[in-house]
Structures are given as C-alpha cells and as structure tokens.
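S.K.: So the chains spell out like this:
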Amino acid sequence: MNRNAPPVLLVEDNPDDQALALRALKRSDIRAPVVIVSDGEEALDYMFGTGAYAGRDCRQRPALVLLDLKLPKVGGLDVLRRLREDQRTRSQPIVVLTTSNEESDLRNSYQLHVNSYVRKPVSSEQYDDVMREIGEYWLTLNLPPPAPVP
Amino acid sequence: MTDAEKTILLVEDNADDEALTLRALARNGIANKVVVARDGVEALDYLFATGAHTGREGHQTPVLVLLDLKLPRIDGLEVLRRLRADPRTAPLPVVVLTSSTEPKDVAGSYDQFANSYIRKPVDFADFMSVVRRLGLYWLILNVPPSQGEN
Numbered sequence: 001m002n003r004n005a006p007p008v009l010l011v012e013d014n015p016d017d018q019a020l021a022l023r024a025l026k027r028s029d030i031r032a033p034v035v036i037v038s039d040g041e042e043a044l045d046y047m048f049g050t051g052a053y054a055g056r057d058c059r060q061r062p063a064l065v066l067l068d069l070k071l072p073k074v075g076g077l078d079v080l081r082r083l084r085e086d087q088r089t090r091s092q093p094i095v096v097l098t099t100s101n102e103e104s105d106l107r108n109s110y111q112l113h114v115n116s117y118v119r120k121p122v123s124s125e126q127y128d129d130v131m132r133e134i135g136e137y138w139l140t141l142n143l144p145p146p147a148p149v150p
Numbered sequence: 001m002t003d004a005e006k007t008i009l010l011v012e013d014n015a016d017d018e019a020l021t022l023r024a025l026a027r028n029g030i031a032n033k034v035v036v037a038r039d040g041v042e043a044l045d046y047l048f049a050t051g052a053h054t055g056r057e058g059h060q061t062p063v064l065v066l067l068d069l070k071l072p073r074i075d076g077l078e079v080l081r082r083l084r085a086d087p088r089t090a091p092l093p094v095v096v097l098t099s100s101t102e103p104k105d106v107a108g109s110y111d112q113f114a115n116s117y118i119r120k121p122v123d124f125a126d127f128m129s130v131v132r133r134l135g136l137y138w139l140i141l142n143v144p145p146s147q148g149e150n
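Chains A and B, in that order, are what the protein sequence lines are.
Under our numbering, think of the first position of the first sequence as 1, with each following residue one higher.
Under our numbering, think of the first position of the second sequence as 1, with each following residue one higher.
The hints are simulated quantities; they were obtained by calculation from the structure and are not laboratory data.
Glycine included, every Cβ here is placed at the ideal spot set by N, Cα and C.
Accuracy of the hints is not assured; some may be wrong.
Now the in silico label distances, taken between C-beta atoms and shown as ranges [said to hold, decoys possible]:
| hint | chain 1 | residue 1 | chain 2 | residue 2 | range |
| --- | --- | --- | --- | --- | --- |
| 1 | A | Gln60 | B | Asp86 | 34 to 40 angstroms |
| 2 | A | Pro146 | B | Glu78 | 17 to 23 angstroms |
| 3 | A | Val122 | B | Thr101 | 34 to 40 angstroms |
| 4 | B | Arg56 | A | Asp16 | 46 to 52 angstroms |
| 5 | A | Pro6 | B | Leu136 | 20 to 26 angstroms |
| 6 | B | Asp86 | A | Lys73 | 30 to 36 angstroms |
| 7 | A | Ala54 | B | Arg23 | 51 to 57 angstroms |
| 8 | B | Ile74 | A | Asn101 | 36 to 42 angstroms |
A few chain A positions that, by computed beta-carbon distances, are all more than 12 angstroms from chain B [unchecked claim]:
| hint | residue |
| --- | --- |
| 9 | Gln18 |
| 10 | Gly55 |
| 11 | Arg59 |
| 12 | Leu112 |
| 13 | Leu143 |
Using the sequences provided together with the hints, build the complete structure.
M.R.: Given below as structure tokens:
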C-alpha cells in the first residue's frame, strides 16, 4: 500500500459494514489507504479540516468518498449537499453506498450531483465484488478532477 | 423496462470511435439500444425531443450518456451545461469519454457535474477494455435515477 496515495474515505456507521468494506478493499488491487469515519459530522470535519481533523490540509482530497445515507448526527444527503456547495469539495468523486430502496433517496442523491449510486449487497461475497468494482472504476479508470489551486 | 429499452445516448462525431464503442458494448453482452448523436445539436435535440427528434417520446430519457467533448456545432461541455440546467435531464448519468486529458477539460467537466471522466485509449484492445468496464459499471452496478419510475 502506498501511504502517500490519496485515501478512500469511508463514511459508514455500521461496524460490520466497516469491516466488510475494509476487507474487500484490502483484497482488491486498490493500493489506497482507507480512512473510516462513523458519522456525517466527522466526514465534514475530515473534508474541511475542522473539529477532530483541525489542521488537516483539506487540499489533500480523498481519491473517493464512499457515503452511506443513514448516518448519526449529520445524514448522508446533508453531507453530500455541503460538499457540493463548497468550492473546495464541489468536484470530489462521491459514491453513495446504501441499503436504501427509497425512491426519494435515489432522486435526492442525483439532484445533489452524486457521481454514482450503488446498493449495498446483502452477502459478504457480493460485498467483496461490489467494493472491488467500485474501487477499480474510481481509482484506476476514472480520471479525477485536477487538484485545487492552493 | 427491458435492457433494449434502456437507451444509451452516445455523442460521438468520429465514425471510427463510434464503431469501436458499439462493437465493444455488443461484444460484452450489453444489449441496450444505443442512439448515436454526431454533434452537440443532435444530442440536445434527442434529449429534449426537438429538431430532428421532435415528437420522440420525450419521457424516455436515456439511462446513460457517453459524451465526447470535441464536437461540431455545440461542444460537449456546452451540451453538459444545458442538460444539467434542465430538470428533465439534470440527474442523468453522464460519462465524458474523450481523448483530451487537458486539465481545463477535466476541471470543466466536473464543474458541470459530469458523473465521470474517462480518457479514450488509443490502443484498440485498451479501448475495448475501457468501454467494457465503463459499460458494466454504469449499466449493471450503478442504480440510475429513473429506476422505479414510469
């Protein structure tokens, strides 16, 4: 793993899903470190270098944000809205990864310009496949936005 | 909806790239109907059922738009800006597929909320592989905004 590579930021409050995602990304060819935050507030703190992440250089963007929707403190859709409203994070590649089947979640995510919306698989084998596909697509195929001007 | 009814809009002015893309999709079992627009005006006419596409069933939006940037008449970034500005087409998944890696094209695409930016490989085998991977990601893994509606 290249520790200087931009990380994948996993925004997930469920410890089982955290473990599954971490294991899946480690088993894949993705050579990126993974940072896990457990609620929406922590996600925003990480992205903007505030709170527990005060002093973090927020020009160092994650390669990808994997965003659950049902989160404590600040919900996933609010996280998405605030990232899209801020010039520093407006272009950040964000994939919503959720169990939600609600039409409103899907519609709102796209209205808030999510890059992609993926349903969380039920079985752990499928979880590995889905995480690998997401990781490979966004970290090796997609060309990320250029780094923001300091 | 069957796969054949889930239309892909391919916006591409280069006949060779068009043929390659169609071949790569078909060869990988992607059975979706592909509509080809050869310039920006045609693309917008298709999306908004105007011009040559007047009377087309306007509610039938594509599930995916593959958008080249360098296009005759209206360029790709302008097509993207106009489709994002209209509520009927704003949530559409748009993948920019172009030979350009110029930072202004990449930044400009993300600025208009392109969902993804993919560089067209020059090599034939690489091109086939890239189209396969992006096809599988967007048509199978990603949940499109229109799912469940109709």
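S.K.: Identify every previously stated hint that the structure contradicts and give their numbers, smallest first.
M.R.: As far as the earlier hints go, 12, 13 are violated by this structure, in ascending order.
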